[in-house]
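S.K.: Modelling step: build the complete structure from the supplied sequences, incorporating the hints.
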Amino acid sequence: MKSNHEEGSVMARLVRVASVSFSGTGGGSTSEVLERNLKAMVKLLKRAILDEPDIICFPECSPMLGLPNEKMVEAAQDRDGRVFRTMAELAEEGETYIVCPMMERVGDKVYNSAVLIGRGGEYIGSYHKIHPTIGEIEAGVSPGVEPKTFKLDFGTVGFAICFDLNFEDVVKGLTKNGAELVFFPSMYPSGLQLKIWAFNYGIYMVSAYTGEGSMIVDPLGRVLATSSAYSTIISKTINLDYEVFHLDYNHTKFEDMKRKYGSGIELDVIRPEATFMLTSNLKDVTVKDLIREFGLETRKEYFKRALRVRTKALKTQD
106 MKSNHEEGSV MARLVRVASV SFSGTGGGST SEVLERNLKA MVKLLKRAIL DEPDIICFPE
166 CSPMLGLPNE KMVEAAQDRD GRVFRTMAEL AEEGETYIVC PMMERVGDKV YNSAVLIGRG
226 GEYIGSYHKI HPTIGEIEAG VSPGVEPKTF KLDFGTVGFA ICFDLNFEDV VKGLTKNGAE
286 LVFFPSMYPS GLQLKIWAFN YGIYMVSAYT GEGSMIVDPL GRVLATSSAY STIISKTINL
346 DYEVFHLDYN HTKFEDMKRK YGSGIELDVI RPEATFMLTS NLKDVTVKDL IREFGLETRK
406 EYFKRALRVR TKALKTQD
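Remember, my numbering sits 105 above the position in the sequence shown when you count from 1.
Wrong hints could be hidden among the right ones.
Unchecked claim - Derived Cβ-Cβ restraints for the label pairs, each shown as a range:
hint	residue 1	residue 2	range
1	176	296	25 to 33 Å
2	394	228	29 to 37 Å
3	296	335	16 to 24 Å
4	373	406	14 to 22 Å
5	400	176	57 to 65 Å
6	187	367	46 to 54 Å
What the hints assert, rightly or not - Computed list of lysine-lysine pairs in DSSO-like fashion (alpha-carbon distance at most 30 Å, straight line):
hint	residue 1	residue 2
7	358	300
8	256	405
9	409	358
10	148	341
11	300	405
12	365	405
By construction, these hints were calculated from the structure, which means they are not laboratory data. The beta-carbon is built from N, C-alpha and C at its ideal position, and this holds for glycine as well.
M.R.: And the structure:
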């Protein structure tokens, strides 16, 4: 499947995201676990591809689930391994990006990685978990050092893995590097924390958890989809031509915008947080165009201005 914006019919950056909940297939020897898990992942991927997603994400260390940390490290594979080759074949078959979290061997080091595979089965890059748990590090997992983002044909994506969610240096680095959509493969469900990151940093977040409760969350912290025992694969079409704003200095322009563009734009307001999200579905007008036309100020820029005004006021008091 090709992202709709490639067709040139609309300006809206629509992308269909999918998350697969997968808990592994049980214990056994390393080779048995890898074989069974990979077989199960292939089956799930083929099912997920029926929804024609642009990108699919699995949970943390999916091919190795069922092994203790030390065995997971021993089972680490590189890009010549069977896990990558199998996922690459399916990515090409489904014309979709695949996020394959796994223990990845890079030279003499092993990382807890999110490996990103392109629509043609090519290797795009890897995010290495910046904050492995103590147990992981003791088992031989090396910490990553960079909150990498990747520019894809529909927008800029980033990753955080499980324990990373407890450390804001990760999300701050991701958003500084332009992330609009962050995937969160994990072995814990994240709950409120995922919504907080989405709201505080104005990004879409997609979790892939090993049990029930994988989520797709919008930049206002609203849950758009949740997995369960009856729906282990969730997918949703989102529009990445959006921006988040504070109501101050902006809300008086709502009527003018609606009068001119009508249903071509969406204004989603959450009053208790004094915040709104503007999304453009227009063919030839982006949210950046709307910001310029109506003199809107993004929430990020508004907060920066508020700090500058405060700093200036403090100086005048001296």
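S.K.: Enumerate the violated hints, using their earlier numbering and listing them in ascending order.
M.R.: Hints that this structure does not satisfy do not exist here, as all of them hold.
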